[in-house]
Each structure stands twice: as C-alpha cells, then as structure tokens.
Amino acid sequence: MFKIVLKTILTPSVSLMKIYAPNVVKHAKPGQFIVLRTDSDSERIPFTIAEANQDDQTIAIIFQVVGASTLKLNQLKENDYILDFAGPLGKPSQIDGLKKVCVIGGGLGCAIAYPIAKALHNQKTYVHSIIGFRKKELVFLSSEFKDISDCFDLVTDDGSAGKMGLVTTLLKALLDQDNTFDEVFAIGPLVMMKAVSELTKQYGIKTIVSMNPIMIDGTGMCGGCRITVNNKMRFACVDGPEFDGHQVDFDEAILRNKMYESAERKAYDHACHLLKEVQNDQ
Amino acid sequence: MINKSMIKNHMITQKPEKRIHNYREVSQGYTNEQALDEAKRCLECKNKPCVKGCPVRIDIPGFIHRIVEHDIEGAYQIIRASSLLPAVCGRVCPQETQCEELCVRKLKGESVAIGHLERFVADYHSQNNTDKPIIVPTNGIKIAIVGSGPAGLSCANDLVKKGYQVDIYEALHIPGGVLVYGIPEFRLPKAVVEREISALIKQGVNIYTNVIIGKTLTIDDLFTMGYRAVFLGTGAGLPKFMGIPGEMLNGVYSANEYLTRINLMKAYDGVSKTPIQSAQRVAVIGGGNVALDAARWAKRLGAKTVSIIYRRSRTELPARYEEVVHAEEEGIIFRMQTNLQRIIGDDFGFVKKIQCVEMTLGELDDSGRARPIEKPGSEHFIDVDSVIMAIGTTPNPLISQSTIDLKTNQKGCIITTNNTGLTTKDMVYAGGDVVTGSATVILAMGAGREAAQAIDEKVTSDIFKKPPNI
Ligand SMILES: Cc1cc2nc3c(=O)[nH]c(=O)nc-3n(C[C@H](O)[C@H](O)[C@H](O)COP(=O)(O)OP(=O)(O)OC[C@H]3O[C@@H](n4cnc5c(N)ncnc54)[C@H](O)[C@@H]3O)c2cc1C
Ligand SMILES: Cc1cc2nc3c(=O)[nH]c(=O)nc-3n(C[C@H](O)[C@H](O)[C@H](O)COP(=O)(O)OP(=O)(O)OC[C@H]3O[C@@H](n4cnc5c(N)ncnc54)[C@H](O)[C@@H]3O)c2cc1C
Ligand code: SF4
Ligand code: SF4
Ligand code: FES
Numbered sequence: 004m005f006k007i008v009l010k011t012i013l014t015p016s017v018s019l020m021k022i023y024a025p026n027v028v029k030h031a032k033p034g035q036f037i038v039l040r041t042d043s044d045s046e047r048i049p050f051t052i053a054e055a056n057q058d059d060q061t062i063a064i065i066f067q068v069v070g071a072s073t074l075k076l077n078q079l080k081e082n083d084y085i086l087d088f089a090g091p092l093g094k095p096s097q098i099d100g101l102k103k104v105c106v107i108g109g110g111l112g113c114a115i116a117y118p119i120a121k122a123l124h125n126q127k128t129y130v131h132s133i134i135g136f137r138k139k140e141l142v143f144l145s146s147e148f149k150d151i152s153d154c155f156d157l158v159t160d161d162g163s164a165g166k167m168g169l170v171t172t173l174l175k176a177l178l179d180q181d182n183t184f185d186e187v188f189a190i191g192p193l194v195m196m197k198a199v200s201e202l203t204k205q206y207g208i209k210t211i212v213s214m215n216p217i218m219i220d221g222t223g224m225c226g227g228c229r230i231t232v233n234n235k236m237r238f239a240c241v242d243g244p245e246f247d248g249h250q251v252d253f254d255e256a257i258l259r260n261k262m263y264e265s266a267e268r269k270a271y272d273h274a275c276h277l278l279k280e281v282q283n284d285q
Numbered sequence: 014m015i016n017k018s019m020i021k022n023h024m025i026t027q028k029p030e031k032r033i034h035n036y037r038e039v040s041q042g043y044t045n046e047q048a049l050d051e052a053k054r055c056l057e058c059k060n061k062p063c064v065k066g067c068p069v070r071i072d073i074p075g076f077i078h079r080i081v082e083h084d085i086e087g088a089y090q091i092i093r094a095s096s097l098l099p100a101v102c103g104r105v106c107p108q109e110t111q112c113e114e115l116c117v118r119k120l121k122g123e124s125v126a127i128g129h130l131e132r133f134v135a136d137y138h139s140q141n142n143t144d145k146p147i148i149v150p151t152n153g154i155k156i157a158i159v160g161s162g163p164a165g166l167s168c169a170n171d172l173v174k175k176g177y178q179v180d181i182y183e184a185l186h187i188p189g190g191v192l193v194y195g196i197p198e199f200r201l202p203k204a205v206v207e208r209e210i211s212a213l214i215k216q217g218v219n220i221y222t223n224v225i226i227g228k229t230l231t232i233d234d235l236f237t238m239g240y241r242a243v244f245l246g247t248g249a250g251l252p253k254f255m256g257i258p259g260e261m262l263n264g265v266y267s268a269n270e271y272l273t274r275i276n277l278m279k280a281y282d283g284v285s286k287t288p289i290q291s292a293q294r295v296a297v298i299g300g301g302n303v304a305l306d307a308a309r310w311a312k313r314l315g316a317k318t319v320s321i322i323y324r325r326s327r328t329e330l331p332a333r334y335e336e337v338v339h340a341e342e343e344g345i346i347f348r349m350q351t352n353l354q355r356i357i358g359d360d361f362g363f364v365k366k367i368q369c370v371e372m373t374l375g376e377l378d379d380s381g382r383a384r385p386i387e388k389p390g391s392e393h394f395i396d397v398d399s400v401i402m403a404i405g406t407t408p409n410p411l412i413s414q415s416t417i418d419l420k421t422n423q424k425g426c427i428i429t430t431n432n433t434g435l436t437t438k439d440m441v442y443a444g445g446d447v448v449t450g451s452a453t454v455i456l457a458m459g460a461g462r463e464a465a466q467a468i469d470e471k472v473t474s475d476i477f478k479k480p481p482n483i
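Residue numbers (this note's numbering), protein chains in the order written: chain A, 4 to 285; chain B, 14 to 483.
I should point out that these hints are in silico values taken from the structure, not numbers from a laboratory.
Positions of the beta carbon are idealized from the N, C-alpha and C atoms, including for glycine.
It cannot be assumed that every hint is accurate.
A few chain A residues that face chain B, going by a derived Cβ cut-off under 10 angstroms, partial list only [as the list claims (entries may be wrong)]: (1) Gln35; (2) Asp87; (3) Val194.
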C-alpha cells in the first residue's frame, strides 16, 4: 500500500498527488512513468513522474480526470492509500548537452511536459515553453511553467487566456522569425504532436514526442502499447515513451487509441452514476 | 489385485455446452472410488520406467501404492518430496509426453492416469490437511528471488526449508507468474495457486509485488541490500509478432495481452474496469497451450466461431492432448496446415478479415518436425473481427539490459552452467523459461530446485572457506 501524503487540486479536473514510494524514487528520472492501481477491481493506469523527491521519498503525479479510473483516483484524499504503485518505467528523457529547447505542452500533456522542462531548466538549458489549452478554465501548471522558463507562452483556442491560437500557430511564428532550437519536445494529444512534428520537419528541427498508448503492464509483456516508429514495431512502455516525432506513424496511433472508446465511455458513465448515488446518500 | 482395464478412469468433466458459458474448472477430479480403481492399474514395475519421464523424478509407483493402501496423505508426502506444486502439475503437465508416455501399460491400452492421480492426491491433501507448516529457524542469510512463477516459487521453497531468509520480488501486482496471468481459471483455478503461495508465506518467505528488477531496483542494488545470492526466474514474457501487414489493427492482440486482460485484470467479470473487445469471430494463430487457452477464453466470452490456425498438422500440435480434446468438444475449429499472411482492416482501423494460405509438409527441419511450405494458389480469406497471436514469447530484456555482466544468447535467454543455473555473473543464478525459452511448469520448477541446491552449496562452502594458515 502506498500512502498519498499530499493532494493539491490544480483545476476542477486536474490534481497533483505526492505518494510515498521509496523504492520507486531511487532510480526515477525525468521522462519515466509509473503504473498504479487504486484498488483490486481497478485497471492498471500509467502516469508520468512529475517529480521524484529523494528527501521525502515521494513521487508526484499530475493527472486529469478523463475516465472511470482517473475519477476513482481523484476521489482519494490525503492519507488514503493506493494499492499498487510500480516504477520507474520506460526510458528517461535524453536531455544531456541541449543548449536551447522549446517545450510544448498541450492540455493534459502539460503534466508530462512539465518535469522535462524542469529538468532542462535545472541543467541550465534555455527553455522556451509553449503551453496550450482549449479555454481558460482548463489551464493548469502555467505559473509552474513560467517559473522554470526563459521564455513562456500560453495559448488558448478561443483566446480566453494568453494568446489566441494553437501551439503550432505560435511555434510557426517563432520559427519564421528565425528562432531556432536544438530540439523541440512536444507532448499532448496525438493530433497536436503530429502537427508539431510535421511543422518542425520542414525546419529540420529534431522533435521528441511522448507516446501515451493504452498500456496494461508497462513492462513489455503484453504488446498492447505497440506503435510503429521508422516502420518498425516498438513497445512504448519499454522502448519509449519518447520517440523521434518525425518517425512516428501518428495516423495509426490515432486509430489504435480509439479501440476501447465506447467501453470506456460506459465505464465512465457508470462511475459517475455511482458517484452521484454516493453523494445523494450523504 | 491389479485392475486389468485397458483404459483409464476418465475424469468427470463439465458438459461442453454448459462449460462454455462459465469460467469454472472443466475437469472435476477423481472420486475416491475412481482414484482407487485407477491406482490398481499400476503394475508397480521394479525398474519404474515412468519415473524416467518425470522431469523431477517423482516416485510414481511409490505414491500410487499408498493410494491403494488408502494412505492418501502418505502418497502426498512422497510426491511433495520431489515437487512443490503437485496440484498444479497434476493439472497442467503434458503427461502424455512425459511420465505417462513411458508407462508399460501403454504397450497394451492406455497408460496409468498418473497426472489425474497426482491431482487427486494433492486436492485431497489440501482439503483434509490440518498440520501447521514447519518453520525452519532462519540462519540470517538473505537470498533474493526475482519472479514468482513456478521457477521462483520452488527455488524459494527449497531455500526457506534450509533456513535461508528468502525474499521474492515480483513485477506484477499478484504473484504466481504464468500460473495466474496466463493459464485460465477453467484449467487451473487461481485458488489452487493462491493456496501454494500462502503456504510459502506461512513458512516465512516475503513476497514484494510491484518491484521490477532492472527498473525499480537493479541486481547490484540487491547485493548492496545484503542479499548473498540472487535467483532469476523471470520467465519468457515478451510476445512475438509475425511482422506481417495488419498487425497494428484494432482487434489484434498478443495472447499475453488477451490472457492478461482476462486472467490478471479479470476483464470477464462485471466488476473489473479493464475492457476486452467482445469479438464474434476470432482467429487464434499458433497451436500450443497458449493458443488453445486464448481460443477457449474467446468462446467463453461469447464468440460464435473461434478458429485455431496452425502451420503444421494436428499430430504436431504442441498443446497438451487433453486440451486439444476439450477444445474440440467446445466447438473450436482447427484449421490445420494453414498460415496467416496478412490481416485486413475496415475504414476505422478494426480487423475485418484475414488472408491465409494452405501449407504442405516437407522434409524434417532442425526441430525434427516437418517443415511447412506454402501451397501456391491456395490463398483464401476468412472473415474475423479479432486475431490473437500465440506464436511464442522470448525473455524480457529489462534485466539483461540493466546488468551488463549478465550474458544472454541470440534468443535473449540467460546463459547458465548446466545443472546449477549459475549465470555469467557471480552469485546470480537463473532458471525456468528465462533460460530455456517457453517450456513447461514442471521444467521451471525443476530448474528452481537445482539452483536452490547450487546456491546452498556455494553459500555454505564460502562460509566454511577459512583463510589459509600462514
Ligand atoms: C506513459 C504514459 C504517461 C501518462 N502520463 C499521464 C500524466 O502524467 N497525467 C495524466 O493525466 N495522464 C497521463 N497519461 C494518460 C493516463 O494514463 C490516462 O488518462 C488514463 O489511463 C485514463 O484512464 P481512465 O480509466 O480514467 O480513462 P479511460 O476511460 O480509460 O479513458 C478516457 C479517455 O481517455 C483516453 N485515454 C485512455 N487511455 C489513454 C492514454 N493512455 N493516454 C491518453 N488518453 C487516453 C481514452 O481514449 C478516452 O477517450 C499517461 C499515459 C501513458 C501511457
Ligand atoms: C497461456 C499459457 C499456458 C500454458 N500452459 C501450460 C501447460 O498447460 N502446461 C505446462 O507445463 N506449461 C504451460 N505453460 C508454460 C508455463 O506456464 C511456463 O513454462 C512456466 O510458467 C515458466 O515458469 P517461470 O517461473 O520460468 O516463469 P513465469 O511463470 O513466466 O514467471 C515469471 C515471473 O517473473 C516476473 N518478472 C519478469 N520480469 C521481472 C522483473 N524484471 N522483475 C521482477 N519480476 C519479473 C513475471 O511478472 C512473472 O510473474 C503455459 C504458458 C502460457 C503462457
Ligand atoms: S510432475 Fe508431471 S511428469 Fe512428473 S509425475 Fe507428475 S504429471 Fe508426471
Ligand atoms: S510404468 Fe506405469 S505401471 Fe509401471 S510403475 Fe509406472 S505407472 Fe505403474
Ligand atoms: S504496456 Fe504491455 S507491453 Fe507495453
């Protein structure tokens, strides 16, 4: 059992949790993730390690409620316990030697992009971050990003916060103004990562994306997380989750992510329904 | 009095039309009368040919004799002296190619049903035994076991009995390895495995789940933590794909994913949150136990047609004979001498049909089996909405990648010295599927025992090795 030592609500649907997990902290590096199960009937769900704190032996995760399992996780409070918590999994981000980097986070992907941006900042890399959301109410982590960025941009689709537009609109403008970067890290919805990769390819800038396919074990055992990179089959949990965005077959990944949509919708509706019943009872 | 019947006592099974709608065990076990009657078929041969077929050399006529004498607990003790998991092996050993193959009664008629009797004895013991586990005082020497499949469990069992302090590290959230995530409930009830594991825990073995060695902790960390030796029983869990078009379509699973979703994450029961696609027409590629388990699960999850697609002929099917018979009774279609060429999807990325080709059997290949050759012009299509790949697995490279001084062969299997399980790294031993590639429960258990013996000898000799007198 793994204790939740801190819970912070970032937006109505995004929370940060710090979990006491001394074993996982030991070798954890930016870019890696954990797999957890809230209780014995739950799915195994992966989350990026937002921070590994060697002092208090905690791992922080930042997550958004999108379905049944994240809804259940979000109902846990400080001092509650998570049944299973395993990691660190996946390969760490390769950030050595980078001088100037653009980190792009889209929506939920900001949670995954933040620890990478922070690690870059800590090693004194110049970080230009661009984070994008659909609208103002969904914005989270913006002050955290600002604190660790040499240059910071917030965009929303409707302009209700920061600049109006997509992250790619801004990135294109930057590149056209002769800004250049050693590398771009783009993390967010598949369509966003695809758009960024297509754009940077034209400018010849290496782009790393973080692939988040559906995972079960996270250890290379099921093959459910397979994606095509450079025409080869790779398992995102052990070979990734970060890959060269110019080599990833995004269209295929987009189709694969739709596999359980209807089943998950049902599970979510069911969980919401149960939650309402519980609230009505109280 | 010898029972001269030419045929075995057949175990009662759930009727096929009933069992495809539930997840309960297919074979129901022997009654006392059946067990006694079957035991009497054994001739108690002096030279015990059957024992030579058993990888762990159970004294087969010895235990069968006790059954005849109505001393079932005595029979259990004889089996248990050689095997940690008789309730498991009695159910899943490929008996027909091991102990039973060499039984002299096979010269005329069927062999003695050694596996069925072993299962009977083990089940009897678990229902009737009340003795407390014997706890050996610990010698304070710590040994780490990585992986909680049959290899790890039996290694742990032997070491704890010798007084070592044994800790098992398991990557998944439940211990048991393939016994829990692979082999289905209807063939090996999870309660049987849990019972054996809880017996180990009662003897003082600690099991730490959610620890991935190579990621959470490295092997060198284990030594730093004070372990004197490490045993790797991490199995062969990395699924293979064929490298043909269409493998990325939705509805294509590795057997591992399919079985894990069902067995480990309980996708079949309404309570679990792990989804599984409910396919109507399923093709399973491969002919081993894994393929049959996946096919029979698909049937139980409501598929109308389930086909096994296998390159060679029925006689070469590597699956246990009993499972082939049960699968046929359940209506699984066996498309033999057929190979999958490509998978074709619909506009939404879901499987629609497969293209197969017929195979003829040529000369014997390196494995001693007829080499399958494509028959030109025999390409054909089969409409399916799910394809399950059960064409084999290889060892997971997580540990070997993080341990440079641990050598593996081209297939990714850890290299060990014969009979000891010693790897190329000092004080690190390995056994089971991670050394042999996918094999059997009984072989993995045997390897775990051999390594336990070797570890004990090495640790003991190191302790008694005195510095030379000058
Ligand atoms: C390596 C990795 C790291 C991740 N890190 C984080 C993180 O730091 N913070 C965070 O909030 N989420 C992260 N995710 C995504 C997170 O795992 C999913 O949001 C979660 O599994 C959804 O579970 P659910 O049951 O609540 O929703 P579901 O009911 O399973 O899904 C609801 C919706 O989310 C989509 N979805 C399902 N699984 C994923 C997925 N793996 N990625 C993206 N969308 C998905 C579904 O298509 C569906 O539309 C990560 C995923 C991976 C693979
Ligand atoms: C579906 C299926 C059906 C089968 N049917 C039969 C049958 O009928 N009869 C038969 O004799 N055999 C059968 N087998 C084969 C048999 O199950 C295996 O040969 C046997 O389980 C191998 O045992 P093992 O202990 O070597 O490995 P496994 O049982 O594979 O156990 C390995 C364990 O190690 C863990 N692990 C892996 N890597 C790490 C790590 N880095 N850190 C920590 N833990 C780790 C795994 O999670 C797993 O729990 C079947 C196999 C499958 C998949
Ligand atoms: S362990 Fe397997 S091979 Fe040995 S006697 Fe039992 S069934 Fe036969
Ligand atoms: S070979 Fe057959 S008949 Fe002879 S001892 Fe073994 S089981 Fe009995
Ligand atoms: S999640 Fe199972 S192989 Fe990657």
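- Query: Among the hints numbered above, which are violated by the structure, and what are their numbers in rising order?
  - Reply: 3
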